[in-house]
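Protein chains in written order, with the numbering used here: chain Z, 7 to 709; chain Y, 470 to 545.
Please keep in mind that the hints were generated in silico from the structure rather than gathered at the bench.
Given the structure is predicted, the values throughout are model-derived calculations rather than measurements.
A couple of the hints might just be wrong.
Claimed, not checked - Straight-line C-alpha distance at most 30 Å; calculated BS3-like pairs for lysine-lysine:
hint: 1; chain 1: Z; residue 1: Lys149; chain 2: Z; residue 2: Lys237
hint: 2; chain 1: Z; residue 1: Lys49; chain 2: Y; residue 2: Lys506
hint: 3; chain 1: Y; residue 1: Lys506; chain 2: Z; residue 2: Lys262
hint: 4; chain 1: Y; residue 1: Lys543; chain 2: Z; residue 2: Lys488
hint: 5; chain 1: Z; residue 1: Lys162; chain 2: Y; residue 2: Lys523
hint: 6; chain 1: Y; residue 1: Lys543; chain 2: Z; residue 2: Lys506
hint: 7; chain 1: Y; residue 1: Lys506; chain 2: Z; residue 2: Lys263
hint: 8; chain 1: Y; residue 1: Lys523; chain 2: Z; residue 2: Lys263
hint: 9; chain 1: Z; residue 1: Lys506; chain 2: Z; residue 2: Lys162
hint: 10; chain 1: Z; residue 1: Lys138; chain 2: Z; residue 2: Lys152
hint: 11; chain 1: Y; residue 1: Lys523; chain 2: Z; residue 2: Lys190
hint: 12; chain 1: Y; residue 1: Lys506; chain 2: Z; residue 2: Lys649
hint: 13; chain 1: Y; residue 1: Lys543; chain 2: Z; residue 2: Lys248
hint: 14; chain 1: Z; residue 1: Lys210; chain 2: Y; residue 2: Lys543
hint: 15; chain 1: Y; residue 1: Lys543; chain 2: Z; residue 2: Lys418
hint: 16; chain 1: Z; residue 1: Lys170; chain 2: Y; residue 2: Lys506
hint: 17; chain 1: Y; residue 1: Lys537; chain 2: Z; residue 2: Lys122
hint: 18; chain 1: Z; residue 1: Lys263; chain 2: Y; residue 2: Lys543
hint: 19; chain 1: Z; residue 1: Lys227; chain 2: Z; residue 2: Lys210
hint: 20; chain 1: Y; residue 1: Lys543; chain 2: Z; residue 2: Lys569
hint: 21; chain 1: Y; residue 1: Lys523; chain 2: Z; residue 2: Lys248
hint: 22; chain 1: Z; residue 1: Lys490; chain 2: Y; residue 2: Lys523
hint: 23; chain 1: Z; residue 1: Lys386; chain 2: Z; residue 2: Lys286
What the hints assert, rightly or not - Rough simulated footprint, nothing fancy, chain Z against chain Y, three-plus residues with beta-carbon under 8 Å:
hint: 24; segment: 494-507
hint: 25; segment: 510-522
hint: 26; segment: 531-540
Note that beta-carbon positions come from the ideal geometry of N, C-alpha and C, so glycine has one too.
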Amino acid sequence: MQGNSVLNIALVGNPNTGKTSLFNQLTGLNQKVGNYPGITVDKKQGKCKISEHLTAEIIDLPGTYSINPTTLDETIVLETLLDDSNSSFPDLVIVVAEVENLKRNLFLFSQIKDLKFPSILVINMSDQMARKGITIDIDALKKELKSEIILISARKNLGIDALKREIENYENWNTEPIANISEKIDSVFFETIKTTFPEFSLYKSWLLITQQKNCNFLSSKLHHKITEFNKDNEKVGKYQHKETIYRYQIINEILKKTYSVDKNEATDLRSRLDRILTHKTYGYIIFFGILMLIFQSIFEWASLPMDLIDSLFASLSELAKTNLPKGTFTNLIAEGVIPGIGGIVIFIPQIAILFLFIATLEETGYMSRVVFLMDKIMRKFGMSGKSIIPLISGTACAIPAIMASRNISDWKERLITILVIPFTTCSARLPVYAILIALIIPDERIFGIFNLQGLTLMGLYLLGFTAAISSAVLLHNVLKIKTKSLFVIEMPNYKLPSFKNVFYEVVEKTRAFIFGAGKIILALSIILWFLASNGSDKFKKADEIVSKQESANNLPDEVLNKKIASYRLEHSYIGNMGKVIEPVIKPMGYDWKIGIALISSFAAREVFIGALATIYNVESEGENVTTIKERMAAEVDPVTGEKRFNFATGMSLLLFYAFAMQCIGTLAIVKRETKSWKWPILQLTGMGALAYIVSVITFSILS
Amino acid sequence: MGDTIASLLIGEIGIIQDFCLDAIPLNLLEMGCLPGKEVRLLQIAPLKDPLYIKVNGSHLAIRIETAKQINITKLL
């Protein structure tokens, strides 16, 4: 490419071919995750230096078996390859294949070739050919496919330089198509396509016709033209199947001449592992063992870094307060921004650990076995085996979990999965649970082993899971959506996880959380701080009013200041809001201060603790800063003189947080993924009503 | 006649005869499950569904309702 020396390269391939490994080798840490316009599918991009003068922008497209999409992720591949007005429309395509499944990989390759892209076939895991008894006649295959072929081993970094050298020469690649679909299927029909859409290559027109509903980029004129064309042609579906069969015929012919496997060399490890991992008893024992290990680690390993982060941000706040000049700006930093950022950072350890496990299990090929084991069970609840991964991810954060549901091809199963995910106990509920449990459940052991607090926490997890399952059953029976089962899942070969791939995945997921959910949390902390430190007339004159009221009592300064501060809070904007909802939340056992925290946490649950901290902090201005837990324990109901966070109120709060849908981020993502406000509103109201009723009942029984 | 992938026993092999195109997802074909191809039942999930098969070099799991739509001839 002259003049413009940035090349757009698309990386395409079946899942489990090591496409991501190649992407990581080519781009290193030089990658970023963006969004495709209009949808939330992650767009993985990275820069790569091909030669002295040539840099490439590489896009790692989602893994797919064909250009005809069955899931949302796969639609991206279709759109990227067909929409030539897109800024990331590729100048050339790298198709990643793998030695063992070359036949199936070539299916996708033949489609790409027929779109007339300059394309190169990269055969990965070539270092394992000898061990697997595979021989490929590369020169003959190059001739048959009319393409360049490079053997690589992405894990071992072999062949990458050869690939780059070949890419430099991409303008000379042969762009002839491989399959001539028109002749073999219905030459008359395809001839009319050619004359109707002379501006496109035949295969592109064919894809536009068959995949019209998945092509969102079409101009209304073209859209109309295709609709017109499709009106009098009912053969399209049948011809798609014929095309598939025809492609495989060609590929089989080619591979017969160029590819051979010595079956005796094939190893038996896969079938032996399969027999154990999908066994009717051991299979489940191993799976639940792994689940236990994951949850255990989330709590055990994450607690130390979380404590460190907590105290780090507390001392940062102190530092800012003492060192910066007094004023509104300092208060904003010390009471709004720093605790706000702290509230995001504190979740990083748990999210990173969870995705460390999930990425590792996916890398090894084990996750497909879990899907296989759990599919039948999950279908009883209206979901799919593929719902397991989103539901597990939901214990870290519902946002990536809902995004992980994209590979469920059945719409009803996917919708139910999305709707029930927010019931699983996400890490944002943890700080709320942790502090409330510490306040109301004694730190004792029963039978000498089980810690009562730990048991309560486990109970809440089980409760969340039960709620998810029961609402799934309910939705399964209520939702009348007819769908055809498209469930097909590949069972990939087992392999050792690559540290590099796992590492990048963890970094990427954590980054997505920080910038997705994090922004909201930070913004809310600042708004909350503002609402708590501003107010109407009574707020501004708090000094005078309280001093006048108490002038007869001759109080010491310290007590007087405290009275002023709490008067001020009561008449701040947020205090007014709390007062307004007090009658509604009274039956649950809450006062207006808890109400404030409740309002704030409707945006994100974890803000609850931060909000209480802010409220009590504002109130206790000038005092020595005590921990939030001590402060909550000391809070007293002014009417009864009882502790505010007693057993009844505490339990009612715990259950409210278990059931209520309090997360703007999740609602936004559900809206985007379901393309409708109907479902997030259903979640918000349904879960809210359930939470309210349960809390009211709990409080009235316990108090 | 009458045999489908669902009537295979573990370890048994059949040749795919035909199937009703409307009942079979296109992506199953694209993954190599085509008429004339050999299919081998490798495992059945603990609750009798899904089935784990090897067809045309691909290792796949499909649900029993899909398997019932694919007619085969058993090989002895």
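We went through each hint and held it up to the structure:
Proximity of Lys149(Z) to Lys237(Z) is assessed by CA-CA distance (about 40 Å); at most 30 Å being required, the pair is judged violated. For the given pair, Lys49(Z) sits about 37 Å from Lys506(Y) by alpha-carbon distance, which is inconsistent with the 30 Å threshold. A threshold of 30 Å between alpha carbons decides the hint, and for Lys506(Y) with Lys262(Z) the separation of about 15 Å falls inside it, so the pair holds. For the hint pairing Lys543(Y) with Lys488(Z), the CA-to-CA distance comes to about 33 Å; that exceeds 30 Å, so the pair is violated.
As the CA atoms of Lys162(Z) and Lys523(Y) are separated by approximately 29 Å, the hinted pair is consistent with the 30 Å bound. For the hint pairing Lys543(Y) with Lys506(Z), the CA-to-CA distance comes to about 45 Å; that exceeds 30 Å, so the pair is violated. Among the hinted pairs, Lys506(Y) with Lys263(Z) is consistent with the structure: their alpha-carbon atoms are about 18 Å apart, no more than 30 Å. Taking the CA atoms of Lys523(Y) and Lys263(Z), the gap is about 23 Å. The hint holds against a cut of 30 Å.
For the given pair, Lys506(Z) sits about 11 Å from Lys162(Z) by alpha-carbon distance, which is consistent with the 30 Å threshold. Distance restraint check for Lys138(Z) and Lys152(Z): the Cα-Cα separation of roughly 27 Å lies within the 30 Å cut-off, and the hinted pair is therefore satisfied. Taken as a hint, the Lys523(Y) and Lys190(Z) pair is honoured in the structure, with Cα atoms around 28 Å apart against an allowance of 30 Å. Of the supplied pair hints, the one linking Lys506(Y) and Lys649(Z) is violated, its CA atoms being roughly 74 Å apart against a limit of 30 Å.
At most 30 Å may separate the alpha-carbon atoms for a hinted pair to count; Lys543(Y) and Lys248(Z) meet this at roughly 25 Å. Taken as a hint, the Lys210(Z) and Lys543(Y) pair is broken in the structure, with Cα atoms around 40 Å apart against an allowance of 30 Å. As the CA atoms of Lys543(Y) and Lys418(Z) are separated by approximately 35 Å, the hinted pair breaks the 30 Å bound. Between Lys170(Z) and Lys506(Y) the alpha-carbon distance is near 38 Å, which puts this suggested pair outside the 30 Å criterion.
With a C-alpha separation of about 38 Å, the suggested pair Lys537(Y) and Lys122(Z) falls outside the 30 Å cut-off, and the hint is violated. The hinted pair formed by Lys263(Z) and Lys543(Y) meets the criterion: a straight-line CA distance of about 28 Å does not exceed 30 Å. About 17 Å separates the Cα atoms of Lys227(Z) and Lys210(Z), which keeps this hinted pair within 30 Å; it holds. With a C-alpha separation of about 87 Å, the suggested pairing of Lys543(Y) with Lys569(Z) is violated against the 30 Å cut-off.
Between Lys523(Y) and Lys248(Z) the CA atoms are separated by roughly 22 Å; this keeps the pair inside 30 Å, and the hint holds. About 23 Å separates the Cα atoms of Lys490(Z) and Lys523(Y), which keeps this hinted pair within 30 Å; it holds. At most 30 Å may separate the alpha-carbon atoms for a hinted pair to count; Lys386(Z) and Lys286(Z) meet this at roughly 18 Å. Under the rule that three or more residues need a Cβ within less than 8 Å of chain Z, the assignment of the segment 494-507 of chain Y holds, with 10 such residues.
Counting residues of the segment 510-522 of chain Y whose beta carbon lies closer than 8 Å to any beta carbon of chain Z gives 9, which reaches the threshold of three, so the coverage claim holds. For a cut-off of 8 Å, the count of residues in the segment 531-540 of chain Y with a CB near a CB of chain Z stands at 4, and the three-residue condition holds.
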